[in-house]
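A.B. asks: If you want the building blocks of each chain, they are given just below.
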Amino acid sequence: DAKTTQPTSMDCAEGRAANLPCNHSTISGNEYVYWYRQIHSQGPQYIIHGLKNNETNEMASLIITEDRKSSTLILPHATLRDTAVYYCIVRAYSGAGSYQLTFGKGTKLSVIP
Amino acid sequence: NAGVTQTPKFQVLKTGQSMTLQCAQDMNHEYMSWYRQDPGMGLRLIHYSVGAGITDQGEVPNGYNVSRSTTEDFPLRLLSAAPSQTSVYFCASRGQGANEKLFFGSGTQLSVL
Numbered sequence: 002d003a004k005t006t007q008p009t010s011m012d013c014a015e016g017r018a019a020n021l022p023c024n025h026s027t028i029s030g031n032e033y034v035y036w037y038r039q040i041h042s043q044g045p046q047y048i049i050h051g052l053k054n055n056e057t058n059e060m061a062s063l064i065i066t067e068d069r070k071s072s073t074l075i076l077p078h079a080t081l082r083d084t085a086v087y088y089c090i091v092r093a094y095s096g097a098g099s100y101q102l103t104f105g106k107g108t109k110l111s112v113i114p
Numbered sequence: 247n248a249g250v251t252q253t254p255k256f257q258v259l260k261t262g263q264s265m266t267l268q269c270a271q272d273m274n275h276e277y278m279s280w281y282r283q284d285p286g287m288g289l290r291l292i293h294y295s296v297g298a299g300i301t302d303q304g305e306v307p308n309g310y311n312v313s314r315s316t317t318e319d320f321p322l323r324l325l326s327a328a329p330s331q332t333s334v335y336f337c338a339s340r341g342q343g344a345n346e347k348l349f350f351g352s353g354t355q356l357s358v359l
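First to last, the sequence lines map onto chains A and X.
Residue numbers for the first sequence follow my numbering, so the first one is 2 and each next one is one higher.
Residue numbers for the second sequence follow my numbering, so the first one is 247 and each next one is one higher.
Hints may be right or wrong, so weigh each one.
Unchecked claim - In silico contact screen, one side only, chain X against chain A (beta carbon under 10 angstroms); selected entries:
id, residue
1, V250
2, Q252
3, G286
4, M287
5, G288
6, Y294
7, C337
8, A344
9, N345
10, K347
11, F350
Said to hold, decoys possible - Quick list of in silico lysine-lysine cross-link-like pairs, BS3-like style, CA-CA up to 25 angstroms:
id, chain 1, residue 1, chain 2, residue 2
12, A, K53, A, K70
13, A, K109, A, K4
14, A, K70, A, K109
15, A, K4, A, K70
16, A, K106, X, K255
17, A, K4, X, K347
18, X, K347, X, K255
19, A, K106, A, K70
20, X, K347, A, K70
21, A, K106, X, K347
22, X, K347, A, K53
23, A, K4, A, K53
24, A, K4, A, K106
25, A, K109, X, K347
As the list claims (entries may be wrong) - Ranges between beta-carbon positions, derived for each pair:
id, chain 1, residue 1, chain 2, residue 2, range
26, A, R17, X, T261, 41 to 51 angstroms
27, A, G105, X, M265, 24 to 34 angstroms
28, A, Q46, X, G299, 21 to 31 angstroms
29, X, A248, A, H78, 22 to 32 angstroms
30, X, S264, A, G16, 43 to 53 angstroms
These aren't lab readings, by the way, just hints derived from the structure by calculation.
It should be emphasised that the depicted structure is a prediction, and the values quoted were computed from it without experimental measurement.
Glycine included, each C-beta is placed from N, C-alpha and C at the ideal position.
All chains, please: the whole structure from these sequences, using the hints.
C.D. replies: Here you go:
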């Protein structure tokens, strides 16, 4: 699976959009981009994933560049409860069910009042 | 649904003791896995299972045993605990589809003295 690079930490003002970047310059055509987050010491929580197209759900939006070498997770209106470590993960699709997720160190997002 | 349930939440062991960390899920997920997380680090995969009777090693399997006798349960055994196994342990499960969400338990904080 391709490696990812994320900033170690970021701050965001409460109510503003949080834009979390992820670089995955070695990504290949069949690799998906996943985002999870871990609030305090809880288990990680799925946020969103995508392959080529931009994706949006009730939690966030995922913007993937046309060359797929980077992506941005957008939390449109950050709240204090969004303070967490955000993990960007790239994984290959190798048949239904047969894949693992590798979690790096992620980005520590601090939402500031 | 309770989701993924881990017990105990906290455990202190002496070096050389054995114990089993329990993990159960009620979502009928075929895939289950165990991760460990050391302070300031990402999660590292210990063992995983794609169904009852099938287990495989992850990134850091040494010192740990697993078995999968039922779909619901995936216990992690430490046969002879070592201080290097002090960590937070997370169990996770997901369906077997191509892009299933990984659901995590709340974790077990283990200290080995």
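A.B. asks: Now look at each hint and say whether the structure bears it out.
C.D. replies: Now for the hints, and whether the structure bears them out:
1. V250: holds, 8 angstroms
2. Q252: holds, 8 angstroms
3. G286: This interface hint holds because 7 angstroms falls under the 10 angstroms limit.
4. M287: holds, 7 angstroms
5. G288: Because about 4 angstroms separates X:G288 from the closest Cβ in chain A, which is inside the 10 angstroms limit, the hint holds.
6. Y294: holds, 7 angstroms
7. C337: holds, 8 angstroms
8. A344: holds, 5 angstroms
9. N345: holds, 6 angstroms
10. K347: holds, 4 angstroms
11. F350: Given a least distance of 3 angstroms, the restraint on X:F350 holds.
12. A:K53 <-> A:K70: holds, 11 angstroms
13. A:K109 <-> A:K4: holds, 18 angstroms
14. A:K70 <-> A:K109: holds, 22 angstroms
15. A:K4 <-> A:K70: holds, 11 angstroms
16. A:K106 <-> X:K255: With a Cα-Cα distance of about 23 angstroms, the restraint between A:K106 and X:K255 holds, given a limit of 25 angstroms.
17. A:K4 <-> X:K347: holds, 20 angstroms
18. X:K347 <-> X:K255: Holds: X:K347 and X:K255 sit about 23 angstroms apart, inside 25 angstroms.
19. A:K106 <-> A:K70: Given that 25 angstroms is the threshold and the Cα spacing comes to 19 angstroms, the pair holds.
20. X:K347 <-> A:K70: OK: X:K347 and A:K70 at ~23 angstroms, within 25 angstroms.
21. A:K106 <-> X:K347: holds, 20 angstroms
22. X:K347 <-> A:K53: holds, 18 angstroms
23. A:K4 <-> A:K53: Satisfied, since the Cα-Cα distance of roughly 17 angstroms is no more than 25 angstroms.
24. A:K4 <-> A:K106: Answer holds: A:K4 to A:K106 is near 12 angstroms, not above 25 angstroms.
25. A:K109 <-> X:K347: holds, 22 angstroms
26. A:R17 <-> X:T261: 41 to 51 angstroms: holds, 49 angstroms
27. A:G105 <-> X:M265: 24 to 34 angstroms: For A:G105 and X:M265 the Cβ distance comes to about 29 angstroms; the hint holds.
28. A:Q46 <-> X:G299: 21 to 31 angstroms: holds, 30 angstroms
29. X:A248 <-> A:H78: 22 to 32 angstroms: holds, 31 angstroms
30. X:S264 <-> A:G16: 43 to 53 angstroms: For X:S264 and A:G16 the Cβ distance comes to about 51 angstroms; the hint holds.
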